[in-house]
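Colleague: Just so you know, the numbering used here puts the end of the sequence shown at 276, numbered straight through with nothing missing.
Do not rely on the hints blindly, as some may be mistaken.
[To be verified] Computed spacing ranges between beta-carbons, pair by pair:
# : residue 1 : residue 2 : range
1 : Glu-254   : Leu-153   : 39 to 49 Å
2 : Asp-45    : Ala-136   : 24 to 34 Å
3 : Glu-52    : Pro-124   : 37 to 47 Å
Since the hints were made in silico from the structure, they are not lab data.
These numbers were taken from a predicted model, which means no experiment stands behind them.
C-beta atoms are modelled at their ideal positions from N, C-alpha and C, and glycine is treated no differently.
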Amino acid sequence: MSFVTRFAPSPTGWLHRGHAFSALTAWRAARSAGGRFLLRIEDIDATRCRPEYEAAIFEDLAWLGIEWETPVRRQSDHLADYRADLDALAARGLIYRCFRTRKEVAEEIGRAPHGPMEAFRGAPLSADEEAARLAAGAPYAWRLSLDAADRELGGFGQLSFHDEDRGTVAARPALGGDVVLARKDVGVAYHLAVVHDDALQGVTHVIRGEDLFEATHVQRLLQALLGLPVPAYRHHRLLAGADGRRYAKRDRAETLRELRAAGVTPDELFREMGFE
Numbered sequence: 001m002s003f004v005t006r007f008a009p010s011p012t013g014w015l016h017r018g019h020a021f022s023a024l025t026a027w028r029a030a031r032s033a034g035g036r037f038l039l040r041i042e043d044i045d046a047t048r049c050r051p052e053y054e055a056a057i058f059e060d061l062a063w064l065g066i067e068w069e070t071p072v073r074r075q076s077d078h079l080a081d082y083r084a085d086l087d088a089l090a091a092r093g094l095i096y097r098c099f100r101t102r103k104e105v106a107e108e109i110g111r112a113p114h115g116p117m118e119a120f121r122g123a124p125l126s127a128d129e130e131a132a133r134l135a136a137g138a139p140y141a142w143r144l145s146l147d148a149a150d151r152e153l154g155g156f157g158q159l160s161f162h163d164e165d166r167g168t169v170a171a172r173p174a175l176g177g178d179v180v181l182a183r184k185d186v187g188v189a190y191h192l193a194v195v196h197d198d199a200l201q202g203v204t205h206v207i208r209g210e211d212l213f214e215a216t217h218v219q220r221l222l223q224a225l226l227g228l229p230v231p232a233y234r235h236h237r238l239l240a241g242a243d244g245r246r247y248a249k250r251d252r253a254e255t256l257r258e259l260r261a262a263g264v265t266p267d268e269l270f271r272e273m274g275f276e
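Input sequences plus hints: build the corresponding full structure.
Modeller: This is the structure in structure tokens:
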């Protein structure tokens, strides 16, 4: 069996130790298996992605000694492909336009019987009300309808995926609620683009952080609905700083560029992260 894995960063900031750990974990797994390693640029968020961050991804990975296949797939170049998937789901009544704001969704979740742990579940508006909202130019998101997906598949009980550390995992897509698959002003959202690209690129093993474990449940449902192959998964540990918080862009974690400028070598970084 061939082994194909990938590292798929978003160019919304500079890479840090956590990114390095994830990229190296996937790259070393590919090398150990005699397989292939892909780099994918997930730049569908046009408001936050910047060309200087994308250029820095290539620079940082090269500094780490990581090699990848070319050409590199850039998601913003393939929005029409994702739109075709979205249209196919819409034709089967599996998605609906949701006009609620993020604040309204959060408030509705808070009012749910089980409080904030309950995921959002919505429903389409009537045809007349939806037409009126569209005519007024109201913003909306395309959401996956868990109720419609449940009916089409006859339940989610048969859905599972293999996780390297957990074995066979029963998928629980309801954890994510009616997830957003696209917005009026953005052609696609994360979950749909990821499953499309992993299938298109022949990815057999998805190696990524533990923070994305719950996302795998949603993506397994999309794979079933779109008739896509199911890769094996590995959700590796997350690196944390001295304060115990995991490294994150939003917390201004020390970047690989800053480490390099301070004279840190790749070998020193490898040892710090626990690589031989």
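Colleague: Against each hint, give a clear statement of whether it holds in the structure.
Modeller: These are the hints, each one checked on the structure:
| no. | hint | verdict |
| --- | --- | --- |
| 1 | Glu-254 - Leu-153: 39 to 49 Å | holds, 45 Å |
| 2 | Asp-45 - Ala-136: 24 to 34 Å | holds, 26 Å |
| 3 | Glu-52 - Pro-124: 37 to 47 Å | holds, 41 Å |
Consistency with the previously given hints is maintained throughout, with no hint failing.
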